Each structure stands twice: as structure tokens, then as C-alpha cells.
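Novice: The lines below spell out each chain.
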Amino acid sequence: MQSDRYDLLIVGAGHAGLRAAQAARKAACGISIGMIGAEPHLPYQRPPLSKGGLVDPQQRARSQLAPDSFFAEQRITILLGTPVARIDAAARTVEMDSGRRVGYGQLVLATGSRARALAGLEGSGHVLRTLDDAVAVGERLRPGKRLAVIGGGFIGLELAATATKAGCDVTVYEGAPQVLARLLPGHVAEPVARFHRERGVEILTDCRIAAVCPDARGGYRIESGAGVRRHDHVVAGIGVLPNTGLAEDAGLVVDDGILVDEYGRTSNPDIFAAGEVTRHPTPGCPVPQRIESWQVAEQQAACAGSSVAGVPTAYRQVPWLWSDQGDLNLQILGVVPRMAEWIIRGALDAPSFCAIAMADSAPRAVLGFNAGRDIAALRRVLGDELPVSATDLADTGMAWRAIMDRAGKVRQRAAES
Amino acid sequence: MWKKVCSLDELREGEPLGVEIDAKRIGLFLVNGQCHAIGDICPHEYALLSDGYQEQGVVECPLHQARFEIATGKCLGLPAERDVPVFEVSVEGGDVLVKFG
Numbered sequence: 000m001q002s003d004r005y006d007l008l009i010v011g012a013g014h015a016g017l018r019a020a021q022a023a024r025k026a027a028c029g030i031s032i033g034m035i036g037a038e039p040h041l042p043y044q045r046p047p048l049s050k051g052g053l054v055d056p057q058q059r060a061r062s063q064l065a066p067d068s069f070f071a072e073q074r075i076t077i078l079l080g081t082p083v084a085r086i087d088a089a090a091r092t093v094e095m096d097s098g099r100r101v102g103y104g105q106l107v108l109a110t111g112s113r114a115r116a117l118a119g120l121e122g123s124g125h126v127l128r129t130l131d132d133a134v135a136v137g138e139r140l141r142p143g144k145r146l147a148v149i150g151g152g153f154i155g156l157e158l159a160a161t162a163t164k165a166g167c168d169v170t171v172y173e174g175a176p177q178v179l180a181r182l183l184p185g186h187v188a189e190p191v192a193r194f195h196r197e198r199g200v201e202i203l204t205d206c207r208i209a210a211v212c213p214d215a216r217g218g219y220r221i222e223s224g225a226g227v228r229r230h231d232h233v234v235a236g237i238g239v240l241p242n243t244g245l246a247e248d249a250g251l252v253v254d255d256g257i258l259v260d261e262y263g264r265t266s267n268p269d270i271f272a273a274g275e276v277t278r279h280p281t282p283g284c285p286v287p288q289r290i291e292s293w294q295v296a297e298q299q300a301a302c303a304g305s306s307v308a309g310v311p312t313a314y315r316q317v318p319w320l321w322s323d324q325g326d327l328n329l330q331i332l333g334v335v336p337r338m339a340e341w342i343i344r345g346a347l348d349a350p351s352f353c354a355i356a357m358a359d360s361a362p363r364a365v366l367g368f369n370a371g372r373d374i375a376a377l378r379r380v381l382g383d384e385l386p387v388s389a390t391d392l393a394d395t396g397m398a399w400r401a402i403m404d405r406a407g408k409v410r411q412r413a414a415e416s
Numbered sequence: 000m001w002k003k004v005c006s007l008d009e010l011r012e013g014e015p016l017g018v019e020i021d022a023k024r025i026g027l028f029l030v031n032g033q034c035h036a037i038g039d040i041c042p043h044e045y046a047l048l049s050d051g052y053q054e055q056g057v058v059e060c061p062l063h064q065a066r067f068e069i070a071t072g073k074c075l076g077l078p079a080e081r082d083v084p085v086f087e088v089s090v091e092g093g094d095v096l097v098k099f100g
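Chains A and B, in that order, are what the protein sequence lines are. The first sequence: position 78 = 77 (numbering that gives the first Met the number 0), numbered continuously. The second sequence: position 83 = 82 (numbering that gives the first Met the number 0), numbered continuously.
What the hints contain is simulated information worked out from the structure, not anything from laboratory work. Owing to the predicted nature of the structure, the values given are computational and were not obtained by experimental measurement. A portion of the hints provided could be inaccurate.
As the list claims (entries may be wrong) - Here are the computed distance ranges between Cβ atoms for each label pair:
1. A/215 x B/21: 27 to 33 Å
2. B/31 x A/247: 51 to 57 Å
3. A/119 x B/19: 39 to 45 Å
4. A/82 x B/54: 40 to 46 Å
5. B/70 x A/336: 53 to 59 Å
Stated by the list, open to error - Residues of chain B clear of chain A, computed beta-carbon distances all greater than 10 Å:
6. 6
7. 62
8. 77
Claimed, not checked - Partner residues aside, some chain A positions facing chain B, computed with beta carbon under 7 Å:
9. 164
10. 166
11. 325
12. 328
Glycine included, every Cβ here is placed at the ideal spot set by N, Cα and C.
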């Protein structure tokens, strides 16, 4: 780094760090901005890494978010491959693993998350999170290879779809009685499992892993509820953990994520946080949420970057994420309530449907199964808290415009009375 | 060269129509009664914009919410970063014609 002090220093050079830097530069032309990243790569986005980018180096290269020339043009100093060891909030300095210190006027923490590793499988290529992970996993997806995927969540199912397309024999081990168990009830998740099974993925549910051990032939032996099986490779998709260590050491309020307000402010006025390491206020939710999504890295981070640089910008988006699993496009809107009544718009055995989680007679969350147009309409319904009725939502004969018009009239009558 | 792509009465405001002509995918939209034709494939990842959500003069890609101005093809929001092509349209006797090449 050319300087030892920056007006704005961003720890984390991923998607969120970049968007924070870009927004800060736009908000404040004159300040000095530095970024420090632990990984050796320029900021990249993750969605391609579990799909085309896993098997195709060209698609992987396109995951880079800004060209090499961007940083000099925008006068943003970026230091890569440099983990930060600690933050001294009182002295306003960060110290790197090398012992070198860099001062800041204001700090943004965009440290993201790390993949949970499966006990005994900590080496490279056993999780799918970073660009390097994608290279390591991708190299192993050769036709005929037997791949075990531990965990039937989004990342596991995306990987299962990509690997199956690449000619691998894929088994998904899931401890719960269904896939996507963290989000969806069984009957709503079933069409997702069916989609994968029809394409040759073996999904073992209610199947707990007892042990995973390397075998003599360079593969792995998995002992589970399904007996003992051999696979050529094992990848775990069992969730992520927010990288909050630096924030905790710096004395920030941390509770499963760095707690921030809608401007990205932490409990220390000099420090903001951006991206999925945050727990931030969320429309429709009584408590702040930590949400692992492209949207948060893209939009919450931009709000935090703009706010830290002097242009307060609130993040108030309805949570939205997508998961492309082969040719299947899943989208989730909102935060799924603990207790919900699910209504189906369309049919669970149709190529496309929406499942809508109702609580207190209002829609709170939606799963779109190949249903992008419905998701777009429902984003407006959830964002405006339109008083739509469950009956209308379940009636595919009613177009979205009609549903929204009727809800608008209901709201107007309620306001008048 | 002008080619008929559909009849005007197949189009509804907010209900775009996707057609394939000579291996070209075209999305047809009605905006305030005016007919528009744009390249139907989102430049981000493969999806048909005619499957997307239209709100006034803007269509939103069904896959990842990239937004495009229908009259100009201009990309208005990430994750797409490129515009889509626009085609000249003419309505003659209830037929919608699009100019190719």
C-alpha cells in the first residue's frame, strides 16, 4: 500500500467491499480509499462459481466484478492476499498478519462469511465458497466420477446439478427428511428434490453422516444411515459462518453477524459494516436479519459505502435471493416466518408455481419455482405491504394487476373508514 | 426487411409475447398502446425477457431482476450490464411487422 493512512479503509475485497468502495467514491470524490483483501483475487461475484463457472474457466473469469484498470482510475488502493489480524479501534488502525499497520478515518468491515467445513475434510476442494474452491472442485468434476454432496441446501443442489450435467454420478446426503429444510416445508421442497432426481441425482434424506474417511484409492468412504459407500470426491454444503472475529475484537456489538442499522452503522461511530457479515433491519421482520445473498452484497453494501462517505442512504429492500440449479430457477422473497400457512399459486407438480407463506393473513415470504414474473409482482406486494387476500393469491385466473388493484382498493377503503 | 411477427390482438399491456423468427428471439411489448420489439434474451444469463414482468415502459428479467427500458433497450439495473437491441416496428392492418437486418 502506498500510504499508511486512508480516510476510508475497507477490510474485505469481495463483492460487498467493492460495492461499498464504489458507492463511497461516488459520494465523496476527494477522500482517500484503501481496500484490503485476504484472497489473492480482485473482487468477484459468487453466483457463477457453482454453475457454469465451476466447469468453464472462461465463465469463471467473467465473475470478476471490475476490470483491473478500475482501481487506479477510481483512485482506490487495493491490497490483496493480505489477511488483517486485528483492529485497534481506539488508535484507528488495522494491523495485518505481517505486523504492518494502516490507519483510517473511517472503517468499513466487509469480511463476508466462510463455509463451514465437515469435520475431517478441511482441505481445499471440500467446500464451495471462493474462486479457489471453485477451481479445486471443478477439476474433480470429470465424467463418471462419483461425487458426494453433503447437505441438500442451495449450494449443495446447485453443485449437484452442475456436476450431473458434467457427467458425474452425484449423491446428496441430507440429514433432514427433505431438501431445503432450513427454509421450506416438506411439501413445498418436494418438487425441487423431484427435479434433481429426474435428472439422475440420488438424494438421500434422513441420512446422517457418521464418518467420512479417505480411502486407499484416493477417494472417500462415507458411513451414513445409508450404509457404507465409496465416492471419488466429497464436497460439503452445510452452511456458512459470518467472519465477525475482527469486529468482536474491536468491541463492536456482534450477534450472529455484525449488528448495523439501515445505513450500515455499527455500534462504533467510526466503523460501518457491509454485505452478508451484517445483521441489518429488514422490512417485514421484527428483528434484524443476516441474509446470505447477492442482493445484500450488491445493495446493502452500496448503501453502507454511500453512508460512510457522507451521503446517508438507507437499505430497505425486501430480501430476495435466487438459486439456479441446472435449468431450474428458484427465487425466495422475504423472510420465511417460523409459523406460516403456505398457499400455492399454481400446482406443485407443474413446471412453474409459487408457494406463498402467509402469517397474520399477510404474505411474508415466497418461493418462486421457475416463476420470475410472479416474484417480480410479489416483490411489489411485499414491499408495499399490499393487503392482498389468500384467495386471490391462489387464483391463477386472476392476473397480478387485478390482484394489486383490488388490494389497493381495500387499502383505500380502510383509510377512508 | 420487414416481417410479420404476430397479430396486434395477441399483445396485451403487461403481457409481452416472445417469438422466434429466423433463429432470432424477439420480445414484443405494448407500452401505452404503442408496440415495441426488443431482443428477447437477457444479456446477463439466458432468459427470455418476454417471460419477465412489465411495469409501464420497463421489463424486468424473470431470472435475476435486470431491468431494461422497452423503448430503447437500455439496461437500467444490474446484474446485466449490456443493453438489448431494439427493432423497428410497424402495425399494418392488425399485423405487427418488425424490420430485420
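Novice: How does the Cβ-Cβ distance of residue 119 of chain A and residue 19 of chain B compare with 39 to 45 Å: does it lie in that range?
Specialist: violated (52 Å)
Novice: Test the statement that residue 62 of chain B is away from the interface with chain A: the closest C-beta pair must be farther apart than 10 Å.
Specialist: About 5 Å separates residue 62 of chain B from the closest Cβ of chain A, which leaves it inside 10 Å; violated.
Novice: Against chain B, with CB atoms and a cut of 7 Å, does the hint on residue 325 of chain A hold up?
Specialist: Since chain B brings no Cβ nearer than about 12 Å to residue 325 of chain A, farther than 7 Å, the hint is violated.
Novice: Starting from the hint 27 to 33 Å, judge whether the C-beta atoms of residue 215 of chain A and residue 21 of chain B obey it.
Specialist: Violated: the Cβ-Cβ distance is about 58 Å, outside 27 to 33 Å.
Novice: When you take the CB atoms of residue 31 of chain B and residue 247 of chain A, is the distance between them in 51 to 57 Å?
Specialist: holds (55 Å)
Novice: Take a quick look at residue 77 of chain B and tell me if its Cβ sits farther than 10 Å from every Cβ on chain A, holds or violated.
Specialist: violated (6 Å)
Novice: Is the nearest Cβ of chain A still more than 10 Å from the Cβ of residue 6 of chain B?
Specialist: holds (21 Å)
Novice: The hint names residue 164 of chain A as touching chain B; please verify it with the least Cβ-Cβ distance against 7 Å.
Specialist: violated (14 Å)
Novice: Residue 328 of chain A was flagged as interface toward chain B. Is the shortest Cβ-Cβ separation under 7 Å?
Specialist: holds (5 Å)
Novice: So the hint says 53 to 59 Å: do the beta-carbon atoms of residue 70 of chain B and residue 336 of chain A match that?
Specialist: With a Cβ separation near 40 Å, residue 70 of chain B and residue 336 of chain A fall outside 53 to 59 Å, so the hint is violated.
Novice: Tell me if the beta carbons of residue 82 of chain A and residue 54 of chain B are separated by a distance inside 40 to 46 Å.
Specialist: Holds, at about 45 Å.
Novice: Regarding the hint that residue 166 of chain A lies at the interface with chain B, is the smallest CB-CB distance below 7 Å?
Specialist: Interface hint status for residue 166 of chain A: violated (21 Å vs cutoff 7 Å).
Hint compliance for this structure: hints 1, 3, 5, 7, 8, 9, 10 and 11 are broken, all remaining hints hold.
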